[in-house]
Amino acid sequence: MFLAIVPAYNEGKTIGSVARGLFEHVDKVVVVDDGSTDDTFIEAQKTCAVVLRHEINRGQGAALETGHEYARKIDADYVLHFDGDGQFDPSDIAPALKALQESGADILFGSRFLGKQANLPFFKKFFILPLAKLLNYLIADSRLSDVHNGFHILTRRALDSIRITQDRMAHATEIVALVKKNRLKYIEFPVSVRYSEYGQCAVGGLQILRDLLLDKFIK
Amino acid sequence: MLILFQILFSLFALFAIISVYSKKRSGLLSAGAAIFWTPFWLLAVVFVWLPNALTVVANTFGIGRGADLVLYVSLVVVFFILFRLSVKIEGLNRSITKVVRDKSLSEVLERDSSTRSARSE
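From first to last, the protein sequence lines are chains A and B.
All letters in the first sequence, in the order written, are residues 1 to 219 by the numbering used here.
All letters in the second sequence, in the order written, are residues 1001 to 1121 by the numbering used here.
Just chain A, same shape as in the assembly:
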């Protein structure tokens, strides 16, 4: 079974079309409503998706791990991470899954910088992204062409090995670190990203750094 996990926080305007757009590419869609204060839950329920609801907002990493738990319980073979704001193109899913299956890798990371043209905002391109790449390199020894891209496909093996403990945005770095720690094979695949206003700012980057450092002291 191929399961799509869509973490959503106040995505009432887009979640319905995002979930419906996924059904022709995956077997099952799980929307994790992360304590939204708008009508995300109602809009998600109008689709055929399974809707898991966090009563209070816990962060994107927490929502993804809730989806992981559900995937493990229903014995999913492949899991897709797909953002709820409509920034990804569902037509990337089928070729990405095919590439993952053919490669024999455990996890696929979507990348904005492999072939496809990413219309990255200036500040993000020349300040946030290089810093994030440096952070990923220092913490996870990662040489991925893209960082903090939410498009991933995990095999069952990766799903069992990757247990996200970072509730907020540091999960992106944590996943890369867990791939290295568990010696999982990975590939990158070009995906399109359409930018909305939302994204990491400099303060968000510092928050990620703080979360990753604190994690070293939590049992």
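What the hints contain is simulated information worked out from the structure, not anything from laboratory work.
It is possible that some hints are incorrect.
Below 27 Å or equal to it, Euclidean Cα-Cα: the simulated DSS-like pairs (lysine-lysine) are [said to hold, decoys possible]: (1) 28/A <-> 1098/B; (2) 46/A <-> 1103/B; (3) 125/A <-> 180/A; (4) 13/A <-> 124/A; (5) 1098/B <-> 73/A.
With the C-beta cut set under 10 Å, the calculated list includes, among others, these residues of chain B facing chain A [said to hold, decoys possible]: (6) 1083; (7) 1086; (8) 1087; (9) 1089; (10) 1090; (11) 1091; (12) 1094; (13) 1101; (14) 1102; (15) 1103; (16) 1105; (17) 1107; (18) 1108; (19) 1109; (20) 1112.
None of these values were measured; they are calculated from a predicted model.
The beta carbon of each residue, even a glycine, is placed where N, CA and C say it ideally should be.
Starting from the known structure of chain A, arrange chain B on it as the hints suggest.
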């Protein structure tokens, strides 16, 4: 003026020591913490009444004034407490996430199983 401060501080320290023991008795404070805080407040009273003694201690660390030594040590202690609190809060956050996650999953899985059993009937 100094005498007034010394008296007030000594009363405060006395109150703190009484509070340490009452918390220890009611089980809110560990024996180790009580052993740390009692000499701490006693020493603070000694240094308030004998400020020159603190200056002697400060000088051994290469610091000119006793008050400066107190300031530096306090700053280090405050930062350490902030760090400990941050770690504790993050741990609590993860526990909250686990509760929230378990609840959301149990709601859906219960619904799934009741739907399945209704279909089989």
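Here is how each hint holds up against the structure:
Distance check on the hinted pair: residue 28/A and residue 1098/B sit about 24 Å apart at the alpha-carbon level, within 27 Å; holds. The suggested pairing of residue 46/A with residue 1103/B holds, with an alpha-carbon distance near 22 Å, which does not exceed 27 Å. Between the alpha carbons of residue 125/A and residue 180/A the distance comes to roughly 26 Å, so the proposed pair stays at or under 27 Å and holds. For the proposed pair residue 13/A and residue 124/A, the alpha carbon gap of about 25 Å is at most 27 Å, so the pair holds.
Straight-line distance between C-alpha atoms of residue 1098/B and residue 73/A comes to about 16 Å, which keeps the hinted pair within the 27 Å bound. Given hint, residue 1083/B at the interface with chain A, holds; its Cβ is 8 Å from that chain's nearest Cβ, closer than 10 Å. Because the beta carbon of residue 1086/B sits about 6 Å from the nearest beta carbon in chain A, less than 10 Å, this interface hint is met. For residue 1087/B, the suggested interface contact is upheld, since its CB lies about 5 Å from the closest CB of chain A, less than 10 Å.
This hint holds: residue 1089/B has a C-beta 9 Å from the nearest C-beta of chain A, less than the 10 Å allowed. Checking residue 1090/B against chain A by beta carbon gives a least distance of about 5 Å; that is within 10 Å, so the hint holds. The beta carbon of residue 1091/B is positioned within 10 Å of a beta carbon in chain A (closest approach about 5 Å), and the interface hint is therefore held. Taking 10 Å as the C-beta contact cut-off toward chain A, the hint placing residue 1094/B at the interface holds, the least distance being around 7 Å.
A hinted interface residue such as residue 1101/B counts as satisfied when its beta carbon comes closer than 10 Å to some beta carbon of chain A; here the least separation is about 5 Å, so the hint holds. For residue 1102/B, the interface hint holds, the least distance from its beta-carbon to any beta-carbon of chain A being 9 Å, beneath 10 Å. Contact between residue 1103/B and chain A, as hinted, is supported at the beta carbon level, the nearest pair being about 7 Å apart and thus within 10 Å. For residue 1105/B, the suggested interface contact is upheld, since its CB lies about 6 Å from the closest CB of chain A, less than 10 Å.
This hint holds: residue 1107/B has a C-beta 7 Å from the nearest C-beta of chain A, less than the 10 Å allowed. Among the interface hints, the one on residue 1108/B holds; its C-beta lies about 6 Å from the nearest C-beta in chain A, closer than the 10 Å criterion. With a least beta-carbon distance of about 7 Å to chain A, the hint placing residue 1109/B at the interface is held under the 10 Å criterion. Given the 10 Å rule on beta carbons, the hint for residue 1112/B holds: about 8 Å separates it from the nearest Cβ of chain A.
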